[in-house]
Amino acid sequence: MASFAKEFSKGIGVSNPIFILALGLCPALAVSYSLDNALGMSAAVIFVLLCSNVIISAARKIVPKIMRIPTFIVIIATFVTLVTLVFQAYVPTLYQSLGIYLPLIVVNCIILGRAEAFASKNPVIGSIADALGIGVGFALALILISFLRELLGTGGISISLFEQLFNAGSLSFTLPAFSEHPLTIFVLSPGAFLVIGLLMALFKWIGRKKND
Amino acid sequence: MPSLLRKIYPILFVTLIVFISVTLLIFTESFTSAELQARLQQQVEEELESMFPELDDSVDNEDSEVYTLLAGGETIGYAFLAVGTGYSGDIAILVGLEDSETVKGIIILSQQETPGIGDRITGDGFTGQFTGLNIDAVNFKQDGGQIDGLAMATISSEAVIDAVRDTAMEKVKLIEGVE
Amino acid sequence: MNPVIILILTAMGMLSSAIIYLAYVKIPHKVKGIERIEEISGALPGVNCGACGFAGCFGYAQELSKDTKMITEKPCPVALQSSETIRNLEKVLDIKLDASALRKKALLHCCGGNSEIIYNYSGVESCKAAAQLWGGYKKCPYACLGFGDCLKACPYDAISIDKEKNIAVIDFEKCTGCGLCVSECPHNLIELVPAGTKVSFRCSYEPLRDIPGRGKCQYGCIHCRKCFNACEFDAITWNKEEAIPEFNIEKCTLCGKCIEICPQDTLAFFNKTDAEIKSPSAV
Amino acid sequence: MTELISLFVGMALINNFILVKFLGLCPFFGVSKKLSSAVSMGAAVTFVMFIASTATWIITRYILIPFEVEFMDIVIYILVIASLVQIIELFIIRTSFALYNAFGIYLALITTNCAVLGITLLNARESYSLPESIAAALGAGIGFTLVLAIMSGIRERLEIADSPKSMKGLPVAFITATLLGLAFSGFGGMI
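Protein sequences, first through last, are from chains A, B, C and D.
Just so we're aligned: 1532 in the numbering used here is position 189 of the first sequence, and the numbers increase by one with no gaps anywhere.
Just so we're aligned: 37 in the numbering used here is position 8 of the second sequence, and the numbers increase by one with no gaps anywhere.
Just so we're aligned: 249 in the numbering used here is position 224 of the third sequence, and the numbers increase by one with no gaps anywhere.
Just so we're aligned: 442 in the numbering used here is position 125 of the fourth sequence, and the numbers increase by one with no gaps anywhere.
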């Protein structure tokens, strides 16, 4: 169990995919203009990462060494298509706003990276822990980025995802001063680079402060 | 024999994986697409109810894709789907007509406009202006119509206006043709 | 759900996996050139410091694979420091490397430094900044300004500043010849010379007509050529275009005659230890 | 014809692949300082995009649409791109080693590159015709190369710029990308 916790925490803190490893940037930047998208994308990534890690580490002995990458890609693509079909049917607006970035999880450096570096060499339990760790790490980072971007960009946060899924009420609040004239740059594409760049610098600074 | 098998084992392995994935996906797709159709149908019904409160039945005319709306037997209006190409994607609009000239109202079903700028077309401020308008009055104020577009979102509002007007005119011809 | 499409898609899957597999087998992964390059770059220190003038060790290895003698002109300073790396390199390139001849040291072509101060400079403490204003606050426009840009660049802190003469002093032992200071000096006074150099010419001026000796700094060379004539072992050759003496390391026997004869005291022993052995009074 | 040109310019400048659509960021931040390697990487990506768009268009038009299995595009496109890259690599190795040295080593990167799969999925989603897909692919490739080249030039100055300790490296590159993004958004009103 200890190794499970260690793997899990490693995914979030030390090797947080987005800020430290700088992996999987494409979805993080592209869809993080609203919290809805971030939640949807994180759920999709965690699901795909978990399933593909389990399958790949289970079948790691029979996969021919030469054809490693193509097999991993096909397995991941299958799970991504599954997620796309489910999203299309049950959460159509989220599917619309994620656009081509949902299928692009297939070539996302996180999932392929973990599959290649970790899952194909370790037992199933280890890869589950690693998948959850990295997935949650990615989710937390993506939610942090999109929270900042949506808050600053549109002056408020509105989550309508749960409304479609379990038709619970949609949570939304707006900052008093901001909602009249929000800083729309944060919602546009340059804002994404800005937020991630500053957050990375912040994490590096904290990292440096900790060990010196 | 085994040496040949070992040589082409990788190819067989990947083909097996592709086979499994293809069958699995096609199998699940048949479920989810049924669910998708049901959900879409249900959403259109809901929107129509909100637009025509007294509606109790609707006839879907296959070829012209126009819903003829009935209440207690006679037609109280028509409805159809119009699609406009907005700033960053398609905009699906449900348009309701009272008769062959006046627009009962419109509802934006789906859009991908830039949040905070383009997506204000879903607000009642914009869609409300279409209610009760004559079809050829569906235009910008400066082009002789009665709709003022949204500041900073001209492309999105223009997409909606053009889609509603052109599809309405086209559908009206079809409806008159049928009657 | 008709099976035809499943068949077609699986066939496409088989076709593409066949292509990927066959292409993988056919592509010679150990491409003839790359193997040699990888072998050489394996023997290199892998610091990727760029001191050899190439983009990292792999670029250097690529050039070395083309012609191995190039290592003598552009040696890798980091590799020269550990004899073990040199042995590896010798084995891989199968040529004989004489470490001491290859090792480089930084030489400062300026010793006077006390040429008259023409204006009182109180700007940014950096040679590059000071050099912008009429070539520096010293009468001689080529003089070392002593603000220590080279000192900041030196990772081995082999450079220190002589406060009264206001010039940089390079410690022969600590200097590893990495060359990082060379590009820092606005007057390009620092040159990488073979470690075996015996006599250093401590003056630097570009145009022939502008003779620093006269009127600019009493240590500046005045082209009297006494050193050239005084040397019995003709270890000194007079370079006509730049009008400066050039010293041949093999022929020079450290007799020190040229250093004594030079009226401007521009010449000096490069390596302090040789100086102590020969004539303590020379420096 | 003008519609194709406006699509090409739109893809190259207005919704540029790296700065607006955020596709192909891995090579963008990993780009080496040398301009030549950035341009040859861009050329490799553009070439693969062109071939991949044509191949995927044909497959979609004659296999996926007739059997209504458009949702299968992800799995099929990935396999097609992987095999195309292998064929191109094989072809380049056979022709000339120098070309492989400058051009081929990036091909391995391209199979898992978001930009190439991105353009094929975009073409499918916008249901472009064949000439439109090719125009879009070339536009995207040229836009990708352009930004890559600019960044490789800036990257040199980034190293020697004395940015604060914790900003060094990737964060500075991100901030530069923001400024580049702002500059490129200036093209917005062109078409």
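Derived by calculation from the structure, the hints in this document are not laboratory data.
Being a predicted model, the structure only gives us computed values, none of them experimental.
Cβ coordinates follow ideal geometry from the N, Cα and C atoms, glycine included.
Hints are supplied without guarantee of correctness; some may be wrong.
Capping the alpha-carbon separation at 30 Å, the derived lysine-lysine pairs in DSS-like fashion look like this [said to hold, decoys possible]:
hint: 1; chain 1: D; residue 1: Lys351; chain 2: A; residue 2: Lys1553
hint: 2; chain 1: D; residue 1: Lys485; chain 2: D; residue 2: Lys351
hint: 3; chain 1: C; residue 1: Lys276; chain 2: A; residue 2: Lys1408
hint: 4; chain 1: A; residue 1: Lys1464; chain 2: C; residue 2: Lys51
hint: 5; chain 1: A; residue 1: Lys1552; chain 2: C; residue 2: Lys51
hint: 6; chain 1: C; residue 1: Lys94; chain 2: A; residue 2: Lys1547
hint: 7; chain 1: D; residue 1: Lys485; chain 2: A; residue 2: Lys1553
hint: 8; chain 1: C; residue 1: Lys94; chain 2: D; residue 2: Lys485
hint: 9; chain 1: D; residue 1: Lys485; chain 2: A; residue 2: Lys1547
Far from chain C by the CB rule (all over 10 Å, computed), these chain D residues [claimed, not checked]:
hint: 10; residue: Val326
hint: 11; residue: Met389
hint: 12; residue: Arg472
hint: 13; residue: Pro481
Going down the list of hints, with the structure as the test:
1. With a C-alpha separation of about 35 Å, the suggested pair Lys351 of chain D and Lys1553 of chain A falls outside the 30 Å cut-off, and the hint is violated.
2. A C-alpha spacing of about 19 Å is found between Lys485 of chain D and Lys351 of chain D, which places the hinted pair at or below 30 Å, so the restraint holds.
3. A C-alpha spacing of about 63 Å is found between Lys276 of chain C and Lys1408 of chain A, which places the hinted pair above 30 Å, so the restraint is violated.
4. The straight-line distance between the Cα atoms of Lys1464 of chain A and Lys51 of chain C is roughly 27 Å, inside the 30 Å bound, and the hint therefore holds.
5. Restraint check for Lys1552 of chain A and Lys51 of chain C: the C-alpha separation of about 52 Å exceeds 30 Å, so the hint is violated.
6. The straight-line distance between the Cα atoms of Lys94 of chain C and Lys1547 of chain A is roughly 44 Å, outside the 30 Å bound, and the hint therefore fails.
7. Proximity of Lys485 of chain D to Lys1553 of chain A is assessed by CA-CA distance (about 18 Å); at most 30 Å being required, the pair is judged to hold.
8. A hinted pair counts as satisfied when its Cα atoms are at most 30 Å apart, and Lys94 of chain C with Lys485 of chain D does not qualify at roughly 38 Å.
9. For the given pair, Lys485 of chain D sits about 9 Å from Lys1547 of chain A by alpha-carbon distance, which is consistent with the 30 Å threshold.
10. Non-interface call for Val326 of chain D relative to chain C: holds, since the shortest CB-CB distance, roughly 34 Å, exceeds 10 Å.
11. Once the 10 Å rule is applied to beta carbons, Met389 of chain D is inconsistent with being away from chain C; the minimum gap is 6 Å.
12. Remark: the non-interface label on Arg472 of chain D is consistent with the geometry, its nearest Cβ contact in chain C lying 13 Å away (cut-off 10 Å).
13. With a cut of 10 Å on Cβ distances, Pro481 of chain D stays outside the contact zone with chain C, its closest approach being about 18 Å.
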